[in-house]
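Colleague: Chain C is fixed; fit chain P onto it per the hints.
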Amino acid sequence: MRWWGKRDAELERELRSDLELEEEEQREHGLSAEEARHAARRAFGNEALIREQTREAWGWTKLERLLQDLRHAQRRLLRSPGFTIACVLILVIGMGATTAIFSLVNAVLLRPLPFPNSDRLVWVSQQDHSLPGVAQESLSYPDYFDWRAENHTLDGIASYVGATGTLDLKGESQRMEIQTVSSNFFRVLGVAPMLGRDFSWEEEKPGNRAVMLSYSFWQSEFGAEPGIVGRPITMNGHSYTVAGVMPKGFEFPVENPAPVLWKSIADEAEGKSPTTQQRGFDTLGMIARLRPGVTVAQAKADLSVIAGNLARQYPEDNKQYSSALVEPELAHMMGDTRPTLRVLFGAVSLVLLLVCANVAGLLLARGSRRGAEFALRTAIGASRAAIIRQLLIESLLLSLCGGGAGIALAFGLIQVLLKLMPVEIPRMENASIDGGVLVFVLVVSVVTGLLFGAFPALRLSRTEPARALCEGGRSLAGGRAQHRLHNSLVVAETAIGMVLLIGAGLLMRSFLRILDVNPGFDPKHVLTSRVAVPFDETKHNQHYLFYQQLVERISALPGVQSASAGWPLPMSSSSATVSFNIQGRPVAKGDEPSESLGLAMPRYFETMRIPLIAGRTFGEQDGLTGPPTIIVNQAFVGKYFPHENPIGQHIQVRVGDDLFEYPVREIVGVVGNIKRKGLTADFDPQYYLPYAQGLITNPYLVVRTNRDPAVMQAAIGVAVHQLDKNVPVYQASTLEQYLYKSAAQPRFQAFLLSCFAVIALALAAIGFYGLLSYMVVQRTLEIGLRMALGAQRGDVLRMIVLRGLTLALVGVGLGVAASVMLTRLISGMLFEVGSTDPVTFAATAALLLLVSVAASSAPAFRASRLDPMKTLRVQ
Amino acid sequence: MTRKQARQRVNVLQGTLDMLILRTLLYGPAHGHQIGKHIQRTTNDFLQMQHGSLYPALHRLERRGWVSTKWEAAPDRNREFKYYRLTEKGRKQLVVEESQWKQMAEAVARVMWPAVEEG
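Chains as they are written, first to last, in my numbering: chain C, 1 to 875; chain P, 1 to 119.
Chain C with its partners taken away, still in its complex shape (with noise of 0.2 Å):
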């Protein structure tokens, strides 16, 4: 700056020299004074076009002109600091909301996952063809090695699933959330352990039991001591040799919590019957790394081949089975998360149009009392393009305030919105502002400059200097295209407010509807929680005892009104779905109906309050030793009773004592429909087994109370401690924490969405307000002559106010013929509420309408009061 400063003296100091010689040779030949002067200047000829030209001739002057017109700018900005800190507090909650929703779209969707060659990562499963449309179903082990071997396109393939480890830790036995996987599983993703060892082919066998833990795990429970290699640990009941470290941020799959440990497979290939070598225990996710140069189509063709072949071999387990469904890793972990995300970054890009059109408005109604100025530069010679590059510069200066404020903005909000995310969105915990969150705010902060720029800058550049400087101060400049300008930004900010404000009316109604939703039970004051009771096949009456020794003691426990367990609980995650016969109507092997299965402890039912529709429930007579019995739901009784009494006949389900004996059941009960899945799923049939005849897992407690339940799981764990102080209690929880889950969804979507309607709404009004009141200061010579010529004030106030109404009238009309269109997109999202809702539309239109009428009012107000006399003398 200096340099430039230092030559532009020189240059002053040259032509003021050589100017006034001329003129001194001008007065040698006679001339006055006076006369010399001019004379000395006309001989010279226009004094800031030699400036100009010959700072153009030094070079660099697109720098030096950009810098010259950024201080222009700024002191333009801080001359009307109430203009601009209006314009960047605007700016800024436009680019605080984008920023923080596309962080998040960033973390969960853009950034690739954190393995070498991630695009080549495929999430693999078989497709169950007794369902329709796509239905993947997990693999069992036998049918997972034969896939692993006789693949020709798939660099590897491993399994994973997840499993739970009771460890005792720090002298507590605790439940981790562990994964068992294939030896290869680290391979296929690329990455070696940090410490120690990769597991071992020979580690899928029998007795070559192993571990892998995490680095958080190894951190925490093992102070990082490097020594635990090579070491036994161990995890239920059974001792692990700890083969190394997965080095720090390894993670997959990416579950919440994430597992602390992965365990090789060699135990599932141990005992009787191990689950290696079940067929029909189809419980295993896969991923794979394609070949270079494989597509994802070859893979699947190629896969299909060995699941077709696998079908005909073993149509028993495998009938349905008879083809292969590949998707690349990253797009089938985002799935369900991607519309969601889609439908909040077009809602947020909405916001920011919005405050593209508020911040024009501003600019042009500030523009057009500059009108003198812009006419003045003209007149001495500035180019329009110097002025539209000068008036660019100043919105970009004010865009980039408010994206840089913006993303301190956006640092509280990924805050903010992770505490109310639910948390089944993989990856968003990640959410921080990186790199490309910096150069996308840095792009948006650029084009929304340029938007909210260009508009007024090509507007107020077509300034007719003559006219605009005789109408000086009159700020009358610009004319009616400006007002056109004026009032179409207008319209379209309401148009855009009525999508966003349809949008977040519609999911909100659909929330409503979702909260209205009887799930079949009573959630209210129920108490649920887990205990890791061993499980050990030959011991399954001491597994009963225990159960029903605490349930007697729960309870017992004062406060408590009832207390049974069961599995799974209705909206926790566990179901499971098991084959079933029905006597008397035979069907092949593979061809046999499978529906939901549940297990109660007798009183399950009225702890639960599923209403009992007919026979009986589960009592202390169908315990382990009483006949085999079965209840089902009505949805079951609809679906294979339709014109029968279901009570008394006879099932056979594919599960009993030992997971080899079917023993035939008898239907003693029917019982309502649950909720079993979410809120917004269908009543799906399903059926209940005693819990003492069908010992798969531990079951969940459910503890109904009199008082406030969060008080009774201390109560609870001494209860569970006094009967065994080495069994951990986990997943405590309440049952309508289940269902608040269940509906975290949709709650924040439409509380997003509610956000996202609040700013339009206010900035919608801002828009009328400013218009308005902007079109009240311009004419005010009209309005005080009209009201000279005896107009009431009435008339003034009702003129004002229709001209607000016409205008948001015309963009209620655009916003809800677009939201026609846009709404559609998010039909997925909405449940019982159709995307073109009538009551949504309308009560959302009224309000616009209010607001827009509300917003109108106060400069309409203003303009009544005028006094005639006073604006015409001052005019």
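Simulated from the structure, these hints should not be mistaken for lab results. It cannot be assumed that every hint is accurate.
Quick list of the computed label-pair ranges, beta carbon to beta carbon [as the list claims (entries may be wrong)]:
| # | chain 1 | residue 1 | chain 2 | residue 2 | range |
| --- | --- | --- | --- | --- | --- |
| 1 | P | A73 | C | V439 | 51 to 59 Å |
| 2 | P | A107 | C | Q68 | 39 to 47 Å |
| 3 | P | Y27 | C | V439 | 56 to 64 Å |
Computed from a predicted model, the values in this text were never measured in an experiment. Don't be surprised by glycine CBs; every beta carbon is placed ideally from N, CA and C.
Modeller: For chain P alone, coordinates are given in the frame of chain C:
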């Protein structure tokens, strides 16, 4: 006339002006006012330029290193002026421009007055 053509014409004129300035400086160092006056006088006021338009050209020549500058007191006036002086590079440039100009002038002349050539 397209914008490009317009720019070309300006360039020709600018080039010519550069040559005239360099030629003027062959007589010795001079300040802007003197250069302008000299060109105007020697062309019998044919090139009636506003002195001001010289400065961009002078600064351009300086940037290219064809002239050097120094603030010096004028012999007849009691104050300093910015004097431009031809550099070695400028001298060479003048030769180049002169020959180019000559070529062009001859070419134009051959078109305009073919008989002269015959005679």
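Colleague: Now, for every hint given, state plainly whether the structure supports it.
Modeller: Against the structure, the hints:
1. P:A73 <-> C:V439: 51 to 59 Å: holds, 58 Å
2. P:A107 <-> C:Q68: 39 to 47 Å: holds, 44 Å
3. P:Y27 <-> C:V439: 56 to 64 Å: Holds - the Cβ-Cβ distance for Y27 of chain P and V439 of chain C, about 59 Å, lies within 56 to 64 Å.
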